[in-house]
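Enquirer: Assemble the whole structure, with the sequences as input and the hints as a guide.
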Amino acid sequence: MLTMASPLLPFLLCSLILLPITILAQTKSNITIGDSFTAQTSTSSWLVSPSGDFAFGFLPLDDSADLFLLSVWYANIPEKTIAWFANRENPAPKGSKVVLNADDGLVLTAPKGDLLWKTGGLGGRVSHGVFNDTGNFVLQDGNSNSVWESFQDYRDTLLPSQTLEKGEKLSSKLREKSFNRGRFDLFFQNDGNLVMHSINLPSEHANENYYESKTVESNTSGAGTQLVFERSGEVYILGEKNEKFNVSDGSSNGVSTSQFYLRLTLNFDGVLTLYQHPKSSSSGSGGWTPLWSLPNNICKANLASAGSGVCGYNSICNLRDDKRPICQCPKWYSLVDPNDPYGSCKPDFLQGCAEDELIKTKDVYDFEVLIDTDWPLSDSVLQKPFSEEQCRQSCMEDCMCSVAIFRLGDSCWKKKLPLSNGRVDSTLNGAKAFMKVRKDNSSLVVPPIIVKKRKTLVLVGSVLLGTSACLNLILIGGICLGTSYVFGYKKKLRKIKKIDTTVETNLRCFTYEQLEEATNGFDKVLGKGAFGVVYEGVINMGSLTRVAVKKLNNFLWEEVQKEFKNELNIIGLTHHKNLVRLLGFCETEQERLLVYEYMGNGTLASFLFNGEKPSWKLRLQIANGIAGGLVYLHEECTTQIIHCDIKPQNILLDNYYNARISDFGLSKLLNMNQSRTNTVIRGTKGYVALEWFKNTPITAKVDVYSYGVLLLEIMSCRKSVELEAEDEDKAILTEWAYDCYTEGALHALVDNDKEALDDIKTLEKMVMIALWCVQEDPHLRPTMRNVTQMIEGVVEVSVPPCPSQISIQYSLN
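Mature numbering (1 follows the signal peptide of the UniProt record, and there is no 0) puts the sequence shown at residues -25 to -1, 1 to 788.
Keep in mind the hints are simulated off the structure, nothing from the lab. Each hint should be verified, as a subset may be incorrect.
To be verified - Derived lysine to aspartate or glutamate pairs resembling DMTMM-like cross-links, with alpha carbons at most 25 Å apart:
1. K729 / E710
2. K275 / D315
3. K705 / E587
Please read these numbers as outputs of a predicted model, since none were measured by experiment.
Expert: Here's what the structure looks like:
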């Protein structure tokens, strides 16, 4: 037997020797300078706490096996709950590496060496790293003093024995499975008050607090000094005189930390919750269960007087048993983004004064009645005393009314769109919400929709006008209109003379003969547009001056007249280095002409799309110039101007390649006390924001959307829509840009432009800014002032969420 077993002895002895080494490797909890770790194709733990409760390393994101977070997670829980994460804004591609060095501590780089994240600023003091049993990863110097620790680099979760110090905050995730910066903060203010509030992404503007501990200094006690999460599960604010102000309601008392894991998390929906999880199956039911939550009812917390609330616009919030909200769209409404159940809802029908004019019958609408439901921050008018029938009738007859709330026996609140902070509230005592919906949703259907699957673009529909009766009415109307046009053309010409063409301006008035001579009989064409043709000319204005003369078409005089007066009135009010200067005009009985300064380098469209890429530095200069011009129009004019048609054809370049915004024919002026307007659809396909197609007011954010599309065109030197592209994934620039960004493939977006790739950080920032600008929800878009601040580096750019498919679909039509 011994003889037969002897060949196995070396193997057994080797195994016995290696066994402790293997166990040691599996429970490694310390690293030294130069140690590194690489993200692989599955869960990869670099370090494990001595108890084995926590792991530190790379976890793959749920929706991608090739993108990783450098994280701390619970090692013994199957669902791999993350307690801390480093690179929330920059997921690490497979093959990324983290290394420990003395100067910057942990440094995370992508496979090609691009920096993704680092602890930074440690001045060469780092000697080694220690991962302890509390889940805290600590970098220490040669004397074992802490120089950085994950417990002081806050994300969305506190662990037992961790504290939140003054001036520090927890920031929620954007969504349940999205680790980007979210909408909610738990902030320990410097005055000792612990508060929760929402923020208006992508800015840092904080809305009013929906929770306050009120632990500020008083006559009887000192202010709070820190938020303490004891190992026992007790959560309290420690006062200056060592007082304890309980944050929890006592339901966590008596929790056995030997049998349960605990974590305190600010959830993506703004609810702060203490959770427990059994350490073994014998400790009770599995999974994370809540012990207590703050606030008690997030649905009833007024998160923002000018925001949507925890749920999106037009949505209704209801509370689940675990004190977490659930959001639902009302009947006949659906999610704008089907992938975001907490997002905004859109009506599945058209409603509004202009739309109602298309349907002459009065019996168009009905009411969907909801009990104990309200949108308390969306009131437009209170009518009192009113009966329930009067309330219904008043809303039915008001084309601006979408919802009316009847309560208290005699009060009728009409609501304005979009509806915000919607909730179910039993304290309303049977109040009724009358939501106005069309009886026949086929009577008017939303504009054309293109459904984009991952590999296929399918044209689903065109503009549908519903019932045959409606179609017949429109056809008859078209015939009458055509007949009227043919027989009334001369009458219309006579009528146009009566239109008031008075323009308050100091612009120079030219004669038609002067401009005919200046352009050599309108000989050289510079460009053509929907309303006219632009000619090159030279005219004497004290000295010979090169000009561009826009001759407006005369086949639709009323529209041309509006275009003409808009150009004069709008540009006459403006003066900015990034706007084309209007020098003068000509007005005769049959002609309307506008005279502009000449732009030597033509349109941005010809500059970008002529096959040869302009320099990267020049493209950045142009992008910045356009943004500056829009800031001027939106914020610095005495009258706010919404351009409504920002596109490369309407951006001209002077002799020094300075960008100049032109063609204000579609612009909309707002008074200083206005911020939004209702108007008919304007603009150019590919650049049009979704709100043009919805029953919502138009704001300057439509220009922001168009600028975002334009910015992507400037970065990539390709058009916003190329349906003939061989690769269907590249047909829609906004969608392809987002794919390139999330997949770490910006080199593809710029077609390996060396200048751009050498400045990869700026490229990434500009793409992120553009993706924020083209968000489907206008409230998520920054203002143009914010855009310029982000471009200049004054404001940090956070990771943008995915732009909605719907905005892309509408923009194509």
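Enquirer: Next step is simple, just say for each hint if it's right about the structure.
Expert: Outcome of the hint check:
1. K729 / E710: holds, 23 Å
2. K275 / D315: This hinted pair holds, its Cα atoms lying about 21 Å apart.
3. K705 / E587: holds, 20 Å
Every hint from the earlier list agrees with this structure, and none is contradicted.
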